[in-house]
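For the protein sequence lines, the chains are S and R, in the order given. Just so we're aligned: 152 in my numbering is position 152 of the first sequence, and the numbers increase by one with no gaps anywhere. Just so we're aligned: 329 in my numbering is position 97 of the second sequence, and the numbers increase by one with no gaps anywhere.
Hints listed in this document are in silico derivations from the structure and should not be mistaken for laboratory results. Quick reminder that beta carbons are idealized off the backbone N, C-alpha and C, glycines included. Hints may be right or wrong, so weigh each one.
Chain S regions said to be covered by chain R (calculated; three or more residues, Cβ under 8 angstroms) [stated by the list, open to error]:
(1) 78 to 86
(2) 107 to 118
(3) 225 to 232
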Amino acid sequence: MSTSDGVLVRVKDVEKVFHRGSEEIHVLSGLNLEVPKGEFLALMGPSGSGKSTLLNLMGGLDRATNGTVEIGGERIDEMSDRQLAAWRARHVGLVFQFYNLLPVLTAERNVELPLLLTPLSKAERRQHVETALTAVGLNQRSRHYPRQLSGGEQQRVGIARAIITDPTILLCDEPTGDLDRKSGDEILGLLQALNREHGKTIVMVTHDPHASARAKRTVYLDKGQLFKEKPE
Amino acid sequence: MKFLFLIWSNLKRKKLRTILTLLSVLVAFVLFSLLSALKLALAGGVVMADANRLIVRHRVSFIQPLPYAYMVRMARIPGVSAISHTTWFGGIYQDPKNQFGTFPVEPDLFLPMNPEIILPQSQKEAWLKTRTGAIVGRRLAERFKWKIGDRVPLTSPFVQSKSGGAWEFDIVGIYDGAKKTTDTSGFFFRYDYFDEARSYGTGLVGWYQVRVNDPKQAMEVAAAIDAEFANSPAETKAETEGAMFQGFAQQIGDIGTIVTAILGAVFFTILLVAGNTMAQSVRERTQELGVLKAVGFTNELVLGVVLGESLVISVLGGLAGLAFGWLVVTGLGQAGFIRQYFPLFFIPERDLIIGAVLALALGFVAGILPALQAMRLRLAEALRREG
Ligand SMILES: Nc1ncnc2c1ncn2[C@@H]1O[C@H](COP(=O)(O)OP(=O)(O)OP(=O)(O)O)[C@@H](O)[C@H]1O
Ligand SMILES: [Mg+2]
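Pulled out of the complex, with its shape left as it was, chain R reads as follows (with noise of 0.2 angstroms):
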């Protein structure tokens, strides 16, 4: 630690070209951080999904809906230990800008099929008691600042009530996640309520979610349920959640794989940058590396000694840089679209680990070649060249 001067002083010859190097391994970073905050917020589905979950729709789209009654007929498929099931509603609040997920679900089975949700034991039996009660999530809750007790009144732009007017739901819980990644931008509500209410389409669902025993077997359950009703006139096709997402996740490209590639490409510029930056520095003083040596300074100490400054650059760099890319992630993280479109909008922990080790790994590799070269300096030539 003594010699942390030295490298401090070194890095402060040349302020300008010190700046420059740490503000483009910090807009790197800062790019890190943003692409990391997107390609989850993309992908985020995908992390979100249970492998013990599947999800069972009409075989055509989304859009069409299935009967109640396959509910019965699945429930007797060996492998399958649970069943819920929901339907698009799209509700809206107040403006059309405000659409958000909203779906009528039966609270019994909604709750067991979903451990995620976390629910107070109180707000539950509330949810039970109360059938045009309504459960929200955190962000959702705080997006509209409802509370406990709140009357919400939500038009459909799918499902019209038989009154004509709009759905009014009364906020019985609030929920939170059992992880950073469960969404808890969700509103649901009574089926039953829903069902009876509606002006047409009673006894459809718009799509099943269905628990498997054993996460090994889920591709056969899969298969079974959709054997169950082929050549019905409402074909089924089930997949696990997963695979359903990375569908998605497909549709607008492999986000992962350019993300990685734009990545690579930045970070490779920033090693030559800061490479330059630090042949160059070790170039413009032979001599005084020399001096270092010939006052006693091992070979490998001198090495340590041009190392350290660059791993000073990157680490500083990078830590700098991954700091402001959360709080821009974080800001944006606040704003209406993005709470909109993506639920999961942050940058995941893991990534901000493989950013710190990224900024050591940057650290080394742009300046192990100099001070290698540092290091085999030959002492008595060193300190023949006049500085």
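Extracted from the complex, chain S is given alone in its bound form (with noise of 0.2 angstroms):
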């Protein structure tokens, strides 16, 4: 699922502009970002910097103004609605900074969500969210509702939720904005261990100077541009 140069992500000259009302807001402009397979990118910038703008253009969950974005070799930003719905579920994996679990759910539930789009029988989601939930330590916590679970357990049932279709990439919105520190250290380690064992491409948003040094990579967004060192 990669181009043959190994770049994963491809964001060529995008420009995003949001309206509200008569003014124009223009958050991208003539942005460029490459990906390599394999990354592990931290995504550091002021507070309405555009962060979550770009990952959410690199999910496929909105389009830019202008610019094209291609993932593993595929023009995502020419897909309609209904394909991208489809690419969405069978690449991306999404990590949110508030979990975004659904609270009439139990975890195992609110895992195997993704897999119901897929056409694996009942015995083999049950199966894959096993692992999943294996995978990030949570297995014991299974049938318990989001509310009986703490901040950095939540964060590890949205973890086990965006692998369980093992997408080709993961975007984390700012992971651990919500947690101590101690929670915050085990997800950024769950994070690296799945970049480090199973190769998993991972772009994470954060404020966090220790989030970002657990990543391979940082850039900074500022007025619409990427930088590779922090601008003053």
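Using the hints, build the complex out of the two chains.
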């Protein structure tokens, strides 16, 4: 699932403009980014600089105003909504700051959710869910509801849900932003292990230098552009 | 089907709200069942009517008798294929409360005229042989626990016997209805026995049933009959059974319209209740719907999940309401006063099917707008809203 040169994500000349009433907000202006396969990239930048916006474009959750987004050789900016949904189900794992678990479902049901879109049988789904929950160290809590879990545990359920379909890329938006240092470290360790041991490509938005230190590379977003160094 | 648990979990999110919505749907469908039974009960005669049959009665009213001799003259009118007659008797068994349809008839005219009355051949023969013989409908027989061979004394408020005492009848047959809508609460006995034993009125009958060859000619035949007896001391009024029963029904008001109007109002209210529940439930979980889309649910699938919730509520509530209504109607149907006044008291199959379709339609209409709203939620924006 990558082009021959090993580049998995290729964001080219991307612009993103939001409209708030008559006002135009230029969030990304001619942004370029390449993420090689197997990368663990940290994306930093001031609040409101467009980090989540960029992540959404890479995950096919939103569309760029201009420019192209190519992932694994596929132009996702050219896909229809329906194709994009199928593509997300197959290739993207998402981890959110506030976990975004469905409160009415148990941990295992939350993790199972993306598998409902696959042709897997009930028994196979069960098997996969168990494996994923074991991988994040939560197989004992599979029948618990999100409200019965701590923040760190909920985020681990979130990660289990993100990796259950063995996605091509893992996109994490401030995955430790709502956690204390210890739980945050555990989550970062988990992501690092997924990257190192399973070769998962990860893009992680964070405000925390402690977190970005765990990544292989860090880029900074400011005024619609990416920088290799933190701009002054 | 694998998405059913998702629908189910969402309904459990606010249990009280779901239960209240379910209950309001249920109540609406209980009402639907009751009104449908009531409508049938009041329109009963119209349902039982046969387009091939005319009723010929005294022009002034049903209570005035007609001469027996009219039968021969009517038989000569073109288009008439058979004639039967009967007379008011109003038989009472033991207690004045126990009054029911009791009619003197001539078996060999009456049975061919009323093919909806199903009587075994052996009982038919027994009736022809027994002057005091009577046949009773299944419902009536069950009501008084009568069996073949029982001797039943009846009194009549209209007709005295020469002896002055009660009329004695021997039950020789129990008939069933050819259709579910056939009334089986009647009591029929022989006219020859009746005419001979009554103290006055000999040679008179209450009204005639006339079968016509072709239902399309029913009106013309009716006009010909009335013309035949015009300017005689006993002028007639001939009309189809359907028209006659319709006349009855209209006297109590246009029940059908009233019932439909009530149900319309009830269902409109329920629609608003259910629709509001769904709309609120979609508004509350914008972010969750965004998550579904984020993990790869298509817009159409999200629409399906929300619509599914609405359908589950209304179909569960609707079917439970119909079932409950059916129990109530069946229970009421056993009650004495209902059996006495409404020989037909049940929910017609057709209405049960309409009810089921209505439940589906309710779920669809209540759910479609919120479901479309959920479908159209823009993914990135839905996720931005902090829950
Ligand atoms: N749907 C939208 N409509 C209008 N403006 C939007 C929309 N989404 C994002 N924006 C604006 O775009 C800018 C970038 O938002 P974004 O969420 O990408 O920032 P961020 O870098 O993730 O910030 P934070 O660190 O606070 O999460 C902000 O000014 C935000 O208000
Ligand atoms: Mg953000």
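Consistency of the hints with the structure:
no., hint, result
1, 78 to 86, "holds (count 4)"
2, 107 to 118, "holds (count 5)"
3, 225 to 232, "violated (count 0)"
Going down the numbered hints, you'll see the structure goes against just number 3.
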